[in-house]
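Starting from the known structure of chain A, arrange chain B on it as the hints suggest.
So you can see what is in the structure, the chains are spelled out below.
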Amino acid sequence: MTARRLDDARVGRLLLAPALVALAVLAAWPGLWVLWLSLQRRIPVFGIERFVGPAHYAFLAADPRFWNALQVTLIFTFVSVALEFLLGLGVALALQGQRRGRRLAVALLLLPWALPSVVTGRMFEWLYHPSAGLLNVVLGGEAINWLGEPALALPALIVADVWRTMPFVALLCYARVLTIPSEIYEAARVDGAGALATVRDVTLPLLRRVLLIALLFRTLDALRAFDLMFVLTGGGPANTTETLTVYAYRSLFQTLQLGFGAAIGVVVGALVMFVAWGYLRAMAHEEEAAA
Amino acid sequence: MSGRGAVRDAVVLAALALWAVPFFWQALTSVKPDTALPAVERLLAAPPTLDHYRAVIQRSVMPAALANSLGVAALTTLGALGLGAPGAYALARLPVPGKRALLLSVVACTAFPQVTIVGPLFVLLRALDLRDTWAALVLADTSFALPLVLWLLAGFVREVPVAMEEAAQIDGASRLATLGRVVLPLMAPGIASAGLLVFLMSWNELLFAYTFTATEASRTVPVALALFPGVYEVPWGDIAAASMLASLPPILIVAGLQRWLVRGLTAGALRD
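If you read the protein sequences in the order shown, they are chains A and B.
The opening position of the first sequence corresponds to residue 1 in my numbering, with each subsequent residue numbered one higher.
The opening position of the second sequence corresponds to residue 1 in my numbering, with each subsequent residue numbered one higher.
Rather than coming from a laboratory, the hints here were simulated on the basis of the structure.
Careful, some of the hints might be misleading.
Said to hold, decoys possible - Chain A regions said to be covered by chain B (calculated; three or more residues, Cβ under 8 angstroms): (1) 45 to 56; (2) 68 to 79; (3) 132 to 138; (4) 269 to 277.
What the hints assert, rightly or not - Short derived list, chain B residues pointing at chain A, Cβ under 7 angstroms: (5) 109; (6) 167; (7) 168; (8) 200.
Owing to the predicted nature of the structure, the values given are computational and were not obtained by experimental measurement.
Ideal Cβ positions, reconstructed from N, Cα and C, are used throughout, including at glycine.
Bound-form chain A, shown alone (with noise of 0.2 angstroms):
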């Protein structure tokens, strides 16, 4: 018996090694090196490479641009992902009662999550055309340029993540609502409870814990959200849309400022990871409390 086991620790080394070798050069590595990197200035088309320790850190608290970023990823962080909730939970509670059809509007779901973002992009690109799209006409004719206003072009970039991503929040909590064995309806029937009062005490005390895990995934995901503001807005007009993301993809690689923009970088990463240990933290209290 210790023999095997032994054994079978030998061969789970095996197993797990090249796996790990792998995440450590694509993924632990360079998250660890960017850290040294956002310490230093460097900026390869001047050959400027010097250590500044915490300088960028320093600007950045000083930014204006930065604290702007920051309050638009916020912002877009959490309205998209309060729509594509409430959307996706209604998509999913309409489709609990779903008899025919199921197979076809879960494909339509699925459309718009599996399409490549950029395609997303560049279909509401199309629909928000001032003269020719689709949405201007279905206003009576308006001229509006969605994307060009400053004040409509964030609102037009959620539209378009709430699109894409809503289906996400709806296929989870529908996978989960049709695990729910008939008889705790009939139980709730027979007690009386009318439609609305089942929803509110019998779905959705079942779907907590799977929309938390969505919010969870939606909310990491529209903190890192790079592509539809690349191509639809560029993080304009006047940095309306200009993310942290998008802040730090600029500072890399349109004003090569390796440094600089491994720092914003790095406070991306540490906002993620914060936000996502709030989460996991209350997905373990909602265990204990469960149990």
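This is chain B only, laid out in the frame that chain A set:
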């Protein structure tokens, strides 16, 4: 009652179809002539044409980009599954020191923003002289594909009954033989699900692909579409056609392999 149920079903489907209108509108635009595009009523009335598809296939970088994307996504999928499946088995079933910490760091890897590591990866890939190659993209995409595969497949391994493995071992099979002959075949659906997710993620990936590519030699579909050229005005019809071509693999997967895709998508979230 059944009549009301049918109406309700139809209303829900209609609402979902309405949600998908942006996609259908792009599909419709892709088959309408340029002259009809400036006004919606003309667009609706115009006879369909394949001009945009012809233009995109004959005179744009899309065919090369499609080949690059297929190659990169397929290699990333194979690589992540090849490295991830054995590792996932070890994480799920074998005594590995520091397992909890390992699992946690795998989860942390899936959450890590691409923009955080893109700078160091850029320096690394430049040092290895891999810029503008498929290899650069496969390596970069593996950084987010592998943690996902490890996490998903470890869950699928746990679903394989231990009794079946024990039976094989009592018959004298070694761990590796058990893994190959008993566990892997039982995990095939799970592997397919994880593979589909990785393929889609790699197919759709923009940030790494935009950063590490420079020419037609390695530019993937999202990059080509994001950079789609317009000389005097934006070629909306051509862009729509290119968008449809870029959407083809996801559409085929959604239409044909829905079950596996949903399984992979929901596996992590519904498992206790």
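Hints versus structure:
1. Residues of the segment 45 to 56 of chain A lying with their CB closer than 8 angstroms to a CB of chain B number 0, which falls below the three-residue condition for coverage.
2. A count of 0 residues in the segment 68 to 79 of chain A with a Cβ less than 8 angstroms from any Cβ of chain B is obtained; the coverage claim is therefore unmet, three being the minimum.
3. Only residues whose beta carbon comes within less than 8 angstroms of a beta carbon in chain B count, and the segment 132 to 138 of chain A has 3; three or more means the coverage holds.
4. Restraint check on the segment 269 to 277 of chain A versus chain B: 4 residues with Cβ-Cβ distances below 8 angstroms, three needed, restraint holds.
5. Interface hint status for residue 109(B): upheld, as the beta-carbon distance to the closest one in chain A is roughly 5 angstroms, under 7 angstroms.
6. Hint on residue 167(B) is violated. Least Cβ distance to chain A is approximately 15 angstroms, over the 7 angstroms limit.
7. Residue-level restraint check for residue 168(B) is violated (minimum Cβ-Cβ distance to chain A is 14 angstroms; threshold 7 angstroms).
8. Annotation: interface hint on residue 200(B) holds; nearest CB of chain A at approximately 6 angstroms, less than 7 angstroms.
Of the numbered hints given earlier, the model fails hints 1, 2, 6 and 7; all others are met.
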